[in-house]
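A.B. asks: Here's the letter readout for the chains.
Number of protein chains: 2
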Amino acid sequence: MNSGPPHMHRRALLSSLTMIPLLAASLRFTSAVAQAQGDPLPSWNEGATKASILDFVARVTTQGGPFFVPIHQRIATFDNDGTLWVEQPMYVQLAFALDRAKAMVPIHPDWKTKQPFAAVLDGDLKAVAASGEKGLVEIIAATHAGMTTAEFEKIVSDWLATTRDHRFNRPYIELVYQPMLELLAYLRANGFKTYIVSGGGIEFMRPWTEQIYGVPPEQVIGSSIKTKFEMKDDEPTLFRLPDMNFIDDKAGKPIGINEHIGRRPIAAFGNSDGDLEMLQWTTLGATGARFGLIVHHTDSEREYAYDRQSHFGKLDIALDAAAVNRWTVVDMKKDWKRIFAFDR
Amino acid sequence: MNSGPPHMHRRALLSSLTMIPLLAASLRFTSAVAQAQGDPLPSWNEGATKASILDFVARVTTQGGPFFVPIHQRIATFDNDGTLWVEQPMYVQLAFALDRAKAMVPIHPDWKTKQPFAAVLDGDLKAVAASGEKGLVEIIAATHAGMTTAEFEKIVSDWLATTRDHRFNRPYIELVYQPMLELLAYLRANGFKTYIVSGGGIEFMRPWTEQIYGVPPEQVIGSSIKTKFEMKDDEPTLFRLPDMNFIDDKAGKPIGINEHIGRRPIAAFGNSDGDLEMLQWTTLGATGARFGLIVHHTDSEREYAYDRQSHFGKLDIALDAAAVNRWTVVDMKKDWKRIFAFDR
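Keeping their order, the protein sequence lines are chains U and A. Position 19 of the first sequence, counting from 1, maps to 18 under numbering that gives the first Met the number 0, and the rest follow consecutively. Position 265 of the second sequence, counting from 1, maps to 264 under numbering that gives the first Met the number 0, and the rest follow consecutively.
Source of the hints: derived by calculation from the structure; they are not laboratory data. Just so you know, not all the hints are guaranteed correct.
Chain copies aren't distinguished; within one or between two, either way the pair holds.
[Stated by the list, open to error] Simulated crosslink set (PhoX-like; lysine-lysine; CA at most 25 Å straight-line):
(1) Lys133 <-> Lys113
(2) Lys113 <-> Lys153
(3) Lys153 <-> Lys313
(4) Lys313 <-> Lys227
(5) Lys249 <-> Lys231
(6) Lys225 <-> Lys113
(7) Lys332 <-> Lys313
(8) Lys225 <-> Lys133
(9) Lys249 <-> Lys225
(10) Lys153 <-> Lys227
(11) Lys227 <-> Lys133
(12) Lys153 <-> Lys101
(13) Lys231 <-> Lys336
(14) Lys111 <-> Lys227
(15) Lys336 <-> Lys113
Construct all of the structure, not just a fragment, from the sequences and the given hints.
C.D. replies: The structure is reproduced here in structure tokens:
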């Protein structure tokens, strides 16, 4: 056993995050929980969408009822980009990678002419998107490796604390959907364990998901690059390598869920074709009550409107599957009273 | 949402397990928890080893004290083979693989002459061990693949329900260490989240760890083979492929811990060189109270005595490191009042 003050690394980083207006968002999060004692979902308009959620939760929590699910089996999985926070005009993590790439040009001068990096440096999002999964993986691996996990955590936290989205002129962590924060809190209040299952980087999300969503690091599943364990000057470190380890998207989502959780969820929440297999794995071929939900972005005024043709967060096959499988489809414009905590 | 009776798959499998004397072990587990209100570790003899555990837990749970750790940071990781249950004369999972290999000979007649399978079929454990990690991986991949995850869960459960260890003539799930069951329960009673971090197969452990150790599937980390998501007749399945995905041993343990938990544990428990890096990652280069413990097998009468020369569970470098790093070393013969629940 070693001595000294308690180990507060992640905490210290989060303190630096709270120096931005996040604190206000945090308070609103708490007040959402408080409100849950009345209407648990105050930012949701009344209607079939909201009713389907309340009905499902009532069924699985009614002891002695035909759909009762014991508490340890109440697993709910949430996609992140486009489901819990904004993913337009590009994934937040891609904005991070772009800034990282620009900062790294001095040590990678070849990137100026080499794709997909040249497109990144030109800010040509269409070309970046067109480089496909392969291109995105290459960009992520190159810009997210070469440091320890502790160093990367600090880089992410510092970037989130100092960078603002152009359209809303707010830190990204304020661009989370208030109705979904209420839903997360409502499920947890009903004994659910809430997980994030995202195509985004697991280590990119973990520094802030506990504070923003109430989801601890051990309940975050995402894509990852390989790491290497090394003892350096008697200190153990995990060094991040520029090789993909796992892509937690599409058919990767049920694989990631099985690897991390080892049980099938009973509820899943997504917004794009990348979530199709997670929704299938959660709701199909299983007995008992199951719930699938897709957030459909229909509000270009308060947020964005996109689906079948979108570069990021394309919703096409999964939208058709929703109708067949009776998954709930959220019409953001119609179903959400407000989208962000800062909406009036 | 679908209708029908609650989804009870894992439960049904566990019912089949309880048809064996396991129920008795389960009751003893409960009684261990009850006893925890008096002496939380009744199967541990008084002495420096037991005192080091009690002292650590008192420190990290004393609110306002210099070593207090908030509840969500109280993560404890346990190796399985040789730390929580018997690993001699071979890993239980290897006994399972041997039985699987024998059953699979009709469809793999070449195994009779092909290594390491020929050694497996001859029951030549020395040769199997000599085939090293590469050989073990080959055996595991070949005998653990070719079915869905649900089918594999049933195969494992059925095997554990019907197979007995030769020396003790008991089901393997009774060959768990009573003092360690008490320790798991004691830590949980003090707000710890207890994880298993084993070189063994994650899917081999999950069907029974919740019932035997009180560790739910989402807190089990282990080695894995690749899986493939497929829709079959409108049913989603994960099919097990004969390719290794991850080896959760040695330097793989901190990598697996980081991937699954995303926080460093504050206590780790192992018994072999395979646990060295997990103990380093947990206890070194961190501020605050940390605890490392190694179970040293010193009791050939009640269990086994082995360390530096053992084929399985070799304890050599980690034993030297324990002295340098002041990890607690359990002398099973001296420190444990009884080893198994069935010991008088």
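A.B. asks: Run every hint past the structure and note whether it holds.
C.D. replies: Going down the list of hints, with the structure as the test:
Taking CA atoms no more than 25 Å apart as the test, Lys133 paired with Lys113 passes inside one copy only; the shortest distance there is 14 Å, against 39 Å between copies. Taking the closest pair of Cα atoms, Lys113 and Lys153 never come within 25 Å of each other, the shortest separation being 29 Å inside a single copy and 51 Å across copies. Taking identical chains as interchangeable, the C-alpha atoms of Lys153 and Lys313 are never at most 25 Å apart, the minima being 31 Å within one chain and 38 Å between chains. With identical chains, the CA atoms of Lys313 and Lys227 are at most 25 Å apart between copies only, with a shortest distance of 23 Å across copies and 34 Å within one.
Taking the shortest Cα distances, Lys249 and Lys231 sit within 25 Å of each other only across copies (17 Å), while inside one copy they are farther apart (37 Å). Proximity of Lys225 and Lys113 under a CA criterion of 25 Å is satisfied intra-copy only: 24 Å inside one chain copy versus 33 Å between copies. Proximity of Lys332 and Lys313 under a CA criterion of 25 Å is satisfied intra-copy only: 18 Å inside one chain copy versus 62 Å between copies. Taking the shortest alpha-carbon separations for Lys225 and Lys133, both the intra-copy value of 16 Å and the inter-copy value of 21 Å come in at or below 25 Å.
In the homo-oligomer, the alpha carbons of Lys249 and Lys225 lie at most 25 Å apart both inside one protomer (20 Å) and across protomers (16 Å), since each shortest distance falls under that limit. Proximity of Lys153 to Lys227 under the C-alpha cut-off of 25 Å is restricted to the intra-copy arrangement: shortest distance 19 Å within a copy versus 35 Å between copies. Proximity of Lys227 and Lys133 under a CA criterion of 25 Å is satisfied in both settings, with 23 Å inside one chain copy and 20 Å between copies. In this assembly of identical chains, Lys153 and Lys101 lie within 25 Å of each other by CA distance solely inside one copy; the values are 18 Å within and 52 Å between copies.
Within a single copy, Lys231 and Lys336 get their C-alpha atoms no closer than 53 Å, and across copies no closer than 40 Å, so neither meets the 25 Å cut-off. For the identical chains of this complex, Lys111 and Lys227 are neighbours neither inside a copy (29 Å) nor across copies (38 Å), given an alpha-carbon limit of 25 Å. For the identical chains of this complex, Lys336 and Lys113 are neighbours neither inside a copy (46 Å) nor across copies (67 Å), given an alpha-carbon limit of 25 Å.
Checked against the numbered hints given earlier, this structure breaks hints 2, 3, 13, 14, 15; the rest are met.
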